[in-house]
Amino acid sequence: MNDFVEYTTGEPVVDTKAPEGPVAERWDTRRFEAKLVNPANRRKHTVIVVGTGLAGGSAGATLAEQGYHVVQFCYQDSPRRAHSIAAQGGINAAKNYRNDGDSVYRLFYDTVKGGDFRARESNVHRLAQISVNIIDQCVAQGVPFAREYGGLLDTRSFGGVQVSRTFYARGQTGQQLLLGAYQALSKEIAAGNVELHPRTEMLDVVVVDGRARGIVARDLVTGRIDTYFADAVVLASGGYGNVFYLSTNAMNSNATAVWRAHRRGAYFANPCFTQIHPTCIPRTGDHQSKLTLMSESLRNDGRIWVPKAKGDTRPAAEIPEDERDYYLERIYPSFGNLVPRDIASRAAKNVCDEGRGVGPGGQGVYLDFADAIARMGRKAVEAKYGNLFDMYQRITDEDPYRVPMRIYPAVHYTMGGLWVDYDLQTTVPGLFAIGEANFSDHGANRLGASALMQGLADGYFVLPSTINDYLARNPHQDEVDDEHPAVREVVAETEDRLNLLLAVDGDRTPDSFHRELGELMWEFCGMARTDSGLRKALERIPQIREEFWRRIKVPGSGEEFNQSLEKANRIVDYLELAELMCLDALHRAESCGGHFREESQTPDGEAERRDEEFSYAAAWEFAGTGTAPVLHKEDLVFEYVHPTQRSYA
Amino acid sequence: MKLTLRVWRQQNSDADGAMSTYEVDGISADMSFLEMLDTLNEELIVKGEDPVAFDHDCREGICGACSLVINGDAHGPERTTTCQLHMRSFEDGDTIDVEPWRAAAFPVIKDLVVDRSAFDRIIQSGGYISAPTGSAPEAHATPVPKPDADFAFEHAECIGCGACVAACPNGSAMLFTSAKVNHLNVLPQGAPERETRVLDMVTQMDAEGFGGCTLTGECATACPKGIPLPSIAAMNKEWLRATRKARR
Amino acid sequence: MALATRTDRRPSLPRTVWDSTVGKKTVMAVSGLIMLLYLVAHMIGNLKIFFGPGDFNHYAHWLRTLGAPVMRWEWTLWVVRVGLVAAVVAHAVSAYQLSRRDIRARPSKYVHNKPRASYATRTMRWGGIILGLFIVWHILDLTTGTVHPGGYEHLHPYQNVIDTFSTWYGNVIYITAVVALGFHVRHGFWSAAQTLGVGNATRDRALKTCANGLALLLTAGFASVPIGVMTGVVS
Chain A
1 MNDFVEYTTG
11 EPVVDTKAPE
21 GPVAERWDTR
31 RFEAKLVNPA
41 NRRKHTVIVV
51 GTGLAGGSAG
61 ATLAEQGYHV
71 VQFCYQDSPR
81 RAHSIAAQGG
91 INAAKNYRND
101 GDSVYRLFYD
111 TVKGGDFRAR
121 ESNVHRLAQI
131 SVNIIDQCVA
141 QGVPFAREYG
151 GLLDTRSFGG
161 VQVSRTFYAR
171 GQTGQQLLLG
181 AYQALSKEIA
191 AGNVELHPRT
201 EMLDVVVVDG
211 RARGIVARDL
221 VTGRIDTYFA
231 DAVVLASGGY
241 GNVFYLSTNA
251 MNSNATAVWR
261 AHRRGAYFAN
271 PCFTQIHPTC
281 IPRTGDHQSK
291 LTLMSESLRN
301 DGRIWVPKAK
311 GDTRPAAEIP
321 EDERDYYLER
331 IYPSFGNLVP
341 RDIASRAAKN
351 VCDEGRGVGP
361 GGQGVYLDFA
371 DAIARMGRKA
381 VEAKYGNLFD
391 MYQRITDEDP
401 YRVPMRIYPA
411 VHYTMGGLWV
421 DYDLQTTVPG
431 LFAIGEANFS
441 DHGANRLGAS
451 ALMQGLADGY
461 FVLPSTINDY
471 LARNPHQDEV
481 DDEHPAVREV
491 VAETEDRLNL
501 LLAVDGDRTP
511 DSFHRELGEL
521 MWEFCGMART
531 DSGLRKALER
541 IPQIREEFWR
551 RIKVPGSGEE
561 FNQSLEKANR
571 IVDYLELAEL
581 MCLDALHRAE
591 SCGGHFREES
601 QTPDGEAERR
611 DEEFSYAAAW
621 EFAGTGTAPV
631 LHKEDLVFEY
641 VHPTQRSYA
Chain B
1 MKLTLRVWRQ
11 QNSDADGAMS
21 TYEVDGISAD
31 MSFLEMLDTL
41 NEELIVKGED
51 PVAFDHDCRE
61 GICGACSLVI
71 NGDAHGPERT
81 TTCQLHMRSF
91 EDGDTIDVEP
101 WRAAAFPVIK
111 DLVVDRSAFD
121 RIIQSGGYIS
131 APTGSAPEAH
141 ATPVPKPDAD
151 FAFEHAECIG
161 CGACVAACPN
171 GSAMLFTSAK
181 VNHLNVLPQG
191 APERETRVLD
201 MVTQMDAEGF
211 GGCTLTGECA
221 TACPKGIPLP
231 SIAAMNKEWL
241 RATRKARR
Chain C
1 MALATRTDRR
11 PSLPRTVWDS
21 TVGKKTVMAV
31 SGLIMLLYLV
41 AHMIGNLKIF
51 FGPGDFNHYA
61 HWLRTLGAPV
71 MRWEWTLWVV
81 RVGLVAAVVA
91 HAVSAYQLSR
101 RDIRARPSKY
111 VHNKPRASYA
121 TRTMRWGGII
131 LGLFIVWHIL
141 DLTTGTVHPG
151 GYEHLHPYQN
161 VIDTFSTWYG
171 NVIYITAVVA
181 LGFHVRHGFW
191 SAAQTLGVGN
201 ATRDRALKTC
211 ANGLALLLTA
221 GFASVPIGVM
231 TGVVS
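Residue numbers (the working numbering), protein chains in the order written: chain A, 1 to 649; chain B, 1 to 248; chain C, 1 to 235.
It is possible that part of the hints are untrue.
[Claimed, not checked] Reference excerpt, derived from the structure (chain A facing chain B, CB under 8 Å, subset only): (1) Thr16; (2) Ala18; (3) Ala169; (4) Gly285; (5) Thr292; (6) Ala372; (7) Ile373; (8) Arg375; (9) Arg378.
Quick caveat, the hints were computed from the structure, so don't treat them as lab data. These numbers were taken from a predicted model, which means no experiment stands behind them. In this text, a Cβ means the ideal position worked out from N, Cα and C, and glycines have one as well.
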């Protein structure tokens with residue numbers, strides 16, 4: 001029946017670190033139960049941190065402050081360039097400065113519900129608890145959050161919640177938080193507690209006797225492949241949205257670190273949970289290299305519409321009112337343009353698939369501010385959205401004050417990632433994953449302004465507490481060096497892979513394969529997924545992979561700065577990860593959050609969860625390229641927030 | 001659009017570089033400048049030639065990785081980053097010169113890629129507030145007057161791209177350094193390290209081999225984030241204050 | 001343990017100032033402002049030439065008795081001269097060292113060169129050199145009389161000035177120098193204000209106007225003397 005790899009089901013995976021007891025006390029309990037490392041002994045421990053974004057930067061700085069010897073890596077030329085920097089909106093925290101009824105419990109509740117009941121209650125509650133400390137920490141570091149005239153912090157409301165708990169720094173919250181973490185890290189680099197390796201890309205994990213003991217990394221300037229050893233390895237390498245080629249991720253964001261860890265034994269959880277953001281600037285042609293997000297806040301005042309007739313190519317102004325379809329207002333009269341991200345995205349896809357999309361290629365819908373300008377006046381619109389309008393105009397050369405904006409959904413964030421326990425440890429002892437690289441806190445859908453919160457919670461507070469327990473329980477590990485057979489094997493594998501990429505000398509560029517894979521994934525594993533489509537993708541991906549290894553062309557050598565080689569090597573991993581994403585999407589025959597299966601919808605076309613069958617996190621075990629992976633289910637228990645079906649009509 | 005590109009090619013930091021000429025065709029006005037270079041590189045790879053190396057990452061104008069001098073202007077003719085510069089700023093048939101940032105403190109790594117780690121070392125010398133994780137007081141314990149918060153934000157917007165150095169005839173990093181000094185020194189949280197911060201950062205800036213400021217204003221003109229020129233005067237004031245007050 | 005403690009001693013204040021680009025710029029700013037103050041006084045004094053030889057020569061005599069009876073003949077003048085020489089040396093040495101550093105900081109030029117980028121820097125450097133050479137000539141001409149074109153007579157500046165400006169090269173050198181001075185002051189005054197941290201967004205416009213005004217005033221004031229001689233107003 002199937003040409004694609006099937007999967008087998010293994011033993012359930014259990015989070016053995018999660019404490020029992022009332023949810024509000026679990027974090028305290030865990031911190032108390034965790035063993036500690038004597039401050040004088042910490043300097044004897046080396047911890048590798050891969051990535052310098054919000055999670056990695058804050059973790060590296062904090063571990064170094066605690067006294068550990070930290071060796072940190074980033075592929076960029078500076079830790080300050082990690083893609084956390086591009087986050088616009090803000091960061092949630094249950095400070096309740098507005099006295100509007102917010103609380104830790106409400107943030108916890110909103111996040112579990114927003115994640116469509118596919119996240120762990122224990123983790124999410126911890127996240128909500130820590131959120132308040134994050135704001136304190138960032139303010140103390142000099143993060144210039146927006147303030148009111150009284151000198152106190154300003155907040156705004158965000159994405160579907162009813163309280164105002166989002167702290168922000170204009171449209172550059174991610175930048176300011178990242179620079180805070182970067183500066184804290186810089187302080188520790190200067191103090192000699194962090195050894196930084198910029199322009200160095202992790203290519204594999206060294207696992208010795210079942211424990212993560214280091215990494216293999218390539219110096220991107222000289223091309224040298226080196227090994228680095230440690231007592232624990234922390235992956236903070238971000239998400240894998242770039243599997244889709246076009247996404248709001250940075251060009252060089254990649255999945256190599258997490259995928260290589262997966263190949264070395266770390267389970268990969270919920271790979272099909274990807275978030276598609278509804279308001280991005282549409283692509284303009286085949287040359288498009290990435291997509292740019294426009295803040296979700298635009299939907300507060302803009303009206304979304306397409307022409308009623310198919311193939312209507314008239315300019316927007318010439319389409320009379322009664323020939324326009326304000327489809328969100330029509331289908332969801334009570335929520336209108338403010339439906340959640342996944343619903344808005346899917347609706348846009350549907351009207352474009354019907355042939356009613358606007359702009360080049362028909363891949364866009366109008367986001368019209370004409371009514372808002374008439375109602376509020378141009379000045380007020382300018383004050384509220386001026387910077388976004390400017391950005392739109394710079395990219396599209398269209399004046400959104402006169403012509404409606406064109407928007408289209410784009411891949412934005414990946415909720416899936418390496419499976420971790422309550423301590424953020426993967427299934428490989430000594431290998432930790434934090435931030436977007438893990439799967440832990442957002443379930444099947446992430447709420448706006450929660451990614452920054454999770455990255456910093458993991459890096460500043462959670463990991464630095466939990467990693468102690470691992471290091472305390474494994475204080476004297478045997479020395480490893482380059483001569484160890486396991487190390488030689490992983491280095492040889494890495495070198496062979498790169499040499500092979502250079503040796504094929506085919507006729508297709510790395511980008512051409514990446515684009516092909518991305519288009520396939522977008523079509524079949526994008527906003528709406530079907531059994532038949534996913535099967536098609538699963539049939540096609542191994543073929544692309546085969547062709548890749550036959551026809552890839554990478555100029556130059558491995559012993560130099562070679563961006564084509566970097567790219568090609570990342571695509572090797574995308575070509576395997578994409579397969580697992582499709583398989584995960586195929587096996588999860590329900591709709592939940594960002595994962596929409598057309599077969600599983602309510603009569604009025606809404607996502608239908610099937611809790612009795614799928615109330616679990618799917619943790620996949622690698623069994624070899626092209627070999628059926630093993631599914632380990634982690635059952636999700638909801639003691640506090642009881643699953644309900646969402647409805648926005 | 002059909003364009004002639006003259007691009008700086010340099011194999012590595014030790015090699016000599018030179019401008020090489022390439023023709024590109026079929027360029028759309030909607031392409032970003034970097035997408036235009038992508039097009040060139042795709043052609044070069046298929047032909048088996050070495051593609052042009054350049055730094056880029058977010059392509060949203062915020063990470064600060066992209067760094068090209070286009071027709072003599074850092075980040076090209078518009079006041080934005082190279083990644084947000086679009087081909088509609090050029091005409092069909094144009095000849096465009098593309099060069100790397102040039103400064104002694106920013107050695108070329110390959111082609112258009114330069115080493116900007118000097119900026120990181122300036123930050124490491126004092127561009128932070130020492131607030132170890134866990135030690136922070138309640139965020140509302142210290143109100144910050146809005147004008148100060150806005151002033152701090154205006155300077156904190158710096159993306160560390162290095163256009164200021166590239167545009168300065170003296171290869172000076174004063175605008176970059178002053179942006180961070182002003183961001184942190186105006187905040188009450190930054191007050192305890194106010195003097196040491198500016199003294200140490202200026203010392204490190206000098207040690208990296210950046211030139212001095214002659215107030216040509218080129219840095220502020222090139223800055224894609226609009227860090228204002230008076231930022232430098234404000235840092236000078238901080239520095240003079242610190243030389244008088246620093247606890248020795 | 002994990003947090004750095006500062007153990008290294010900071011260098012002394014003069015060391016800190018002299019070793020840093022910002023400090024050296026401060027030296028330039030302060031020495032420049034001293035010279036500027038002097039030039040304003042000098043220019044005003046020069047205008048006395050339009051009141052005839054009596055006034056002008058008397059003014060020259062008065063300069064030497066300045067501060068009497070505390071100061072003896074020419075004491076004050078020598079104090080000023082020493083101060084000025086110190087300012088010139090400090091200004092020139094700083095400028096030389098900073099320029100060397102600036103040139104080293106940008107070793108390779110852009111192939112696509114934009115001349116405007118270095119306009120201010122170039123005018124300051126070349127203008128400074130022109131002014132330095134001019135000062136030497138000016139002293140040899142009208143203070144020591146060594147290269148004076150006519151019969152130089154000590155304490156008879158009125159005739160000395162007329163003699164100098166009766167030669168074509170005297171006029172050319174002097175007017176070139178005062179024009180260079182104008183440009184130098186125009187950027188230098190503004191630059192000094194920034195270096196001393198006086199500038200800010202709201203004050204910069206006023207500072208620029210002030211710099212332009214000062215430059216114009218000095219150039220016009222100084223140039224009026226050779227022009228006066230050339231046109232016969234002073235004879």
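Here's how the hints hold up against the structure:
no., hint, in the structure
1, Thr16, "violated, 27 Å"
2, Ala18, "violated, 23 Å"
3, Ala169, "holds, 6 Å"
4, Gly285, "holds, 6 Å"
5, Thr292, "holds, 5 Å"
6, Ala372, "violated, 25 Å"
7, Ile373, "violated, 25 Å"
8, Arg375, "violated, 29 Å"
9, Arg378, "violated, 23 Å"
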